[in-house]
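Chemist: Chains A and B are the protein sequences, given in the same order. The letter at position 80 of the first sequence is residue 80 when you use our numbering, and the numbering goes up by one with no holes. The letter at position 107 of the second sequence is residue 1107 when you use our numbering, and the numbering goes up by one with no holes.
Derived by calculation from the structure, the hints in this document are not laboratory data. As the structure is a computational prediction, the values presented were derived from the model and not from experiment. Wrong hints could be hidden among the right ones.
Stated by the list, open to error - BS3-like mimics (lysine-lysine), calculated; alpha carbons at most 27 Å apart, straight line:
| hint | chain 1 | residue 1 | chain 2 | residue 2 |
| --- | --- | --- | --- | --- |
| 1 | B | K1065 | B | K1102 |
| 2 | B | K1043 | A | K42 |
| 3 | A | K39 | A | K107 |
| 4 | A | K45 | B | K1102 |
| 5 | B | K1076 | B | K1065 |
| 6 | A | K42 | A | K107 |
| 7 | A | K39 | A | K103 |
| 8 | A | K103 | B | K1065 |
| 9 | B | K1076 | A | K39 |
| 10 | A | K45 | A | K107 |
| 11 | A | K42 | A | K103 |
| 12 | B | K1043 | B | K1065 |
| 13 | B | K1043 | A | K103 |
| 14 | A | K42 | B | K1102 |
| 15 | A | K45 | B | K1076 |
| 16 | A | K42 | B | K1076 |
| 17 | B | K1043 | B | K1076 |
| 18 | A | K45 | A | K103 |
| 19 | A | K107 | B | K1102 |
Stated by the list, open to error - FRET-style restraints, in silico, Cβ to Cβ:
| hint | chain 1 | residue 1 | chain 2 | residue 2 | range |
| --- | --- | --- | --- | --- | --- |
| 20 | A | K39 | B | S1056 | 25 to 31 Å |
| 21 | B | R1016 | A | D1 | 24 to 30 Å |
| 22 | A | Q3 | B | N1074 | 42 to 48 Å |
| 23 | A | T93 | B | K1076 | 28 to 34 Å |
Cβ coordinates follow ideal geometry from the N, Cα and C atoms, glycine included.
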Amino acid sequence: DIQMTQSPSSVSASVGDRVTITCRASQDITSYLAWYQQKPGKAPKLLIYAASTLLSGVPSRFSGSGSGTEFSLTISSLQPEDFATYYCQQGDTFPWTFGQGTKVEIK
Amino acid sequence: QVQLVESGGGVVQPGRSLRLSCEASGFTFNDRGVHWVRQAPGKGLEWVAVIWYDGSDERYADSVKGRFTISRDNSKNTVFLQMNSLRAEDTAIYYCAQDLTKNYFHYGADVWGQGTTVTVSS
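Isolated chain A, as found in the complex (with noise of 0.2 Å):
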């Protein structure tokens, strides 16, 4: 199975920030790296899918970038509403595997 590492596991930003975080998967997975935002009781949310396509109705603060194995998303002024947890999938093979999350935390 390819193994996502997403970094940092959390980080703590204040609205206004620009964060970023980065996802690292164990062998090249081309562009096939989809982005998720969850909240806490809530359903994943797709946010960026083919590395760098923004969904339809995201904000254009969020932005991915990346190919192979070296990935990252960015938010460029954070939010309130953006506090949550960011997950990266690989969508190169089955088994579809996830990072370990990243908590986005109120400073």
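Dock chain B against chain A, hints included.
Modeler: Relative to chain A, chain B alone:
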């Protein structure tokens, strides 16, 4: 309103069975693959299984292979997860999620249900 609604969760003893359902409302999802993803209490996301849009194929995580079966009835807009020989480690919230594509499966899942809780305990 486009949504997926899971049902069938509950408390069950180890070794017993449970059948989860995932019904689409507000749209027909017979042109998309559907996944089950679970989340153990306080833990991350774990992919469980997927079924092709027409039910022609499926895939499973090793942790459930041989015990869980995914199926679908497109005439009822419903996907099922039959869970047999349940173990304590199967305790989780189970989400169904529609794949972004028909059967390409590379781009994630864009429509998720609210989840149904399965607790395996004696």
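Chemist: Tell me, in ascending order, the numbers of any earlier hints that this structure violates.
Modeler: Hints 8, 9, 17, 19, 20, 22 are the ones this structure does not satisfy, whereas the remaining hints hold.
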